[in-house]
Amino acid sequence: MKRNINNSLFQRAHVVSALGKSFTKLDPRVMVKNPVMFTVEIGTFVMFLVVMGIIFMHDTSQGKLGYNISIFVTLFITLLFANFAEAIAEARGKAHADSLRKTRKDTPAKKVFPIGELYVDEVHVVSSSELRKGDVFICEAGDIIPMDGTIIRGLASIDESAITGESAPVIRESGGDKSSVTGGTKVLSDKIMVEVSAGPGESFLDKMINLVEGASRQKTPNEIALTILLASFTIVFIIVCVTLIPFATFAKTTITIASVISLFVCLIPTTIGGLLSAIGIAGMDRALRANVITKSGKAVETAGDIDTLLLDKTGTITIGNRKATAFYPANGIPVEEFIRKAMLSSLADETPEGKSIVELARNMKLEWYPEEMEGMQFIKFTAETRSSGVDLANGTKIRKGAFDAMKRKVEQTGHQIPIELEDFVYKISANGGTPLVLEENGEALGVIELQDIIKNGIAERFQRLRKMGVKTVMVTGDNPLTAKYISEKAGVDDFIAEATPEDKMKYIIKEQQSGKLVAMMGDGTNDAPALAQADVGVAMNSGTQAAKEAGNMVDLDNDPTKLIEIVEIGKQLLITRGTLTTFSIANDVAKYFAIVPALFIAAIPSLQRLNIMNLHSPESAILSAVIFNAIIIPMLIPLALRGVEYKPIGATLLLRRNLLIYGIGGVIVPFIGIKIIDLLVGNYI
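Residue 486 in numbering that gives the first Met the number 0 is what sits at position 487 of the sequence shown, and the numbering runs on without skipping anything.
Bear in mind the hints are in silico, worked out from the structure with no lab data behind them.
These figures come from a predicted structure and were not determined experimentally.
Result set (BS3-like, lysine-lysine): computed pairs, CA atoms no more than 27 Å apart in a straight line:
{"#": "1", "residue 1": "Lys509", "residue 2": "Lys470"}
{"#": "2", "residue 1": "Lys470", "residue 2": "Lys454"}
{"#": "3", "residue 1": "Lys515", "residue 2": "Lys294"}
{"#": "4", "residue 1": "Lys505", "residue 2": "Lys470"}
{"#": "5", "residue 1": "Lys466", "residue 2": "Lys483"}
{"#": "6", "residue 1": "Lys294", "residue 2": "Lys470"}
{"#": "7", "residue 1": "Lys354", "residue 2": "Lys379"}
{"#": "8", "residue 1": "Lys483", "residue 2": "Lys322"}
{"#": "9", "residue 1": "Lys505", "residue 2": "Lys515"}
{"#": "10", "residue 1": "Lys466", "residue 2": "Lys515"}
{"#": "11", "residue 1": "Lys483", "residue 2": "Lys509"}
{"#": "12", "residue 1": "Lys190", "residue 2": "Lys132"}
{"#": "13", "residue 1": "Lys63", "residue 2": "Lys251"}
{"#": "14", "residue 1": "Lys466", "residue 2": "Lys454"}
Working from the sequences, and respecting the hints, build out all of it.
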C-alpha cells in the first residue's frame, strides 16, 4: 500500500505558496538565470518608465495612457505566470520534503557504551541528535530507529512505511545485503544492535529532503543547451527589433516603444522560457511519486536516453529464489540415500535454495536421524569455492555446488565425474534449471535440480523497452546454458552468465565506450562499483549503504522492475520539453501576422494583405498578441507538470505525432486565440 499522495496539480496550499514566490522571483538576481524571461523583465521595466513618462510628463508621442498601461500590465502578468509555473512545481516538491521532515524526529536512542572491545549490557538513553558515526545503539520491539545504521547483531521485523509507504513489514538482519536500517522506521519485533553509519545531516532521510527540494535542483546538460539556444534566439530578435527603428524612419512611420517591446516579447520563445524549469522539476517530482529518490534532475533526464539496461535475473525476471524440484542420483546410488545426503548438506543452510532442498525431501516423506546431526559442522557458501555443505562427526564431508566447481573438486581428489551426471547437468541447464552437484569425500553422487519461475508479463515489458530502443541485459550467476534458456524465454536481448562484479563493470564500460548510455540496479556492496560506473544507477533502499551512496537514484519500494518505469519517466520528461518547445516556436507564426502588419500598415498599405485575421486596429492587434502570449503560459502549466503522454512507438513515429499535434496545433491555436482576444478588446482601444 503506497503512501497517500494527493495527485491534484493545484492544491490550495501549493497555489498560495507559489503565488507568493511568483513575486519574490522577480528579483533580477533570480531572473537573470533565465535569459528569455530576464529580457521580458527589462522590457516590462521600460514600459513602466514609459507609463510614468506619460503620467508625469504628458508625453503623448508614445500613444495613449490606457494602451501603454495595458501593455505594461500584460508583460508584468507574463512574468508572474512564468514564475508561477516554476514555483508551483517547486511547491509540490517541497510538500514532499515537509512530509519527510515530519518523519525525522529527535527520538530517544538506547546508546551502548563500549568498554575495551566489549559492549556493556547497560544502555544510556540519549537524544538521537547526539549520535555520531560509529556509535552503537539497541532497538527493541516498539522502538523508532533513531539514525541510519547497519545491524551488527540480531534480526528484526521493521515497519518502513514512514519512508517507503509500504504497509508490509520487512526483515532486516546482520550480515549480507539486508543489514541496512533507516532512521525514522519502527522495529516491530525482536531486538537488534545497530552501528550508526551517518553523521549529523548525513542520514538518508536528510539526503532525501535535500534532493526533494526543488529549489536546489541543478539544470541538466540538455536543459542548459536549450537555455543557450533560447538565449541565442533572444539575441537575434533583439537585433531584429532594434533595426526596425531606423527602418520605420526610412518608411516615414512611427513605431512606439510599446510596439517594439511587444514585438520582441512575442517573437522570443517566452512560452518554453517560462515553462522550462517547471518541466525539469516536475520530472523529478514524477519520479518521487513513483517512490524513487533522484539525486539530480540529470539522472531522470539521462534515464530517458538510456540505450542499455542491466537487470538481475533473480527477483526481476524470475519471481524470486530458485527452488529444488527434483533429485537425480548417479552411479547407481539409491534415491533415498542420495536425498538423505542432499538433505543433510542443507539442514543448516539458511539460503532459500538450501531450505527448498529440505522442504522437497520432507514432501517425499524423508526424515533424518537426530544422531546424524551430532557434531555436524555447516560449511557456508563462499564465492571462492562456490559450494556449501557439512562436515559430519565421523569425518564425512558432503558438499553441494555449481557443476564446474564440483567437477574441479572431484578431479582434484582423483575421481571422475560420471557421464550420466554430466547428462543430467546438461538436461537441467537446457531446460532453464540450475544443477547443483552433490559430492561426498570427493566422489560425485548426483544432481539436485533448481528451477526459476519467470514472472508473468515480463516478456511484454521487455518488448515495450525494445520499442523504446532500449537493449535489455540479464545479469546472473547461472551457467551459460541456463542463462541462455531463461534469457530467450523471457525475451531478453543479451545476458551475462556467471557474473562477477568485475564482469558487470567490464560490460558497462564496453557499452559506454561504444557511445551508449547504461542503467543498472543493485542492492549489495559488490554492486557499488557498477552502480557508480553506470550512467543511471538505481540502488534499492533495502540494500547496503555503499550501494545507496554509489547510485544516483534510490528505489524506496525495492522493486527491481522499477528501472522500466524510471526509463519511461525520463523519456516523458524529454518528450514534454521537446513538444512544448515545438509548440512555443510554432506560436510565433501567428504573432508575426498579428504584429508586423500592425506596425507598418499605415506606411505600407499593401501589408493589409498579411492581416489575414482581420484584426480591429494596429493597437488591438499588438495588445491581443501580447495578451495571448501571457495567458498561454498558465494554460500549459498542467501539461508541463503532468507531462506529455509517452507511448513506446519509436522515435520516428513520436516525432511525427508531436509535430502534427504540437507543431500544427501551435500554429493554429494562436490564430484562433488572438482573434478572440481582438474581438473582446478591439472596441476599448
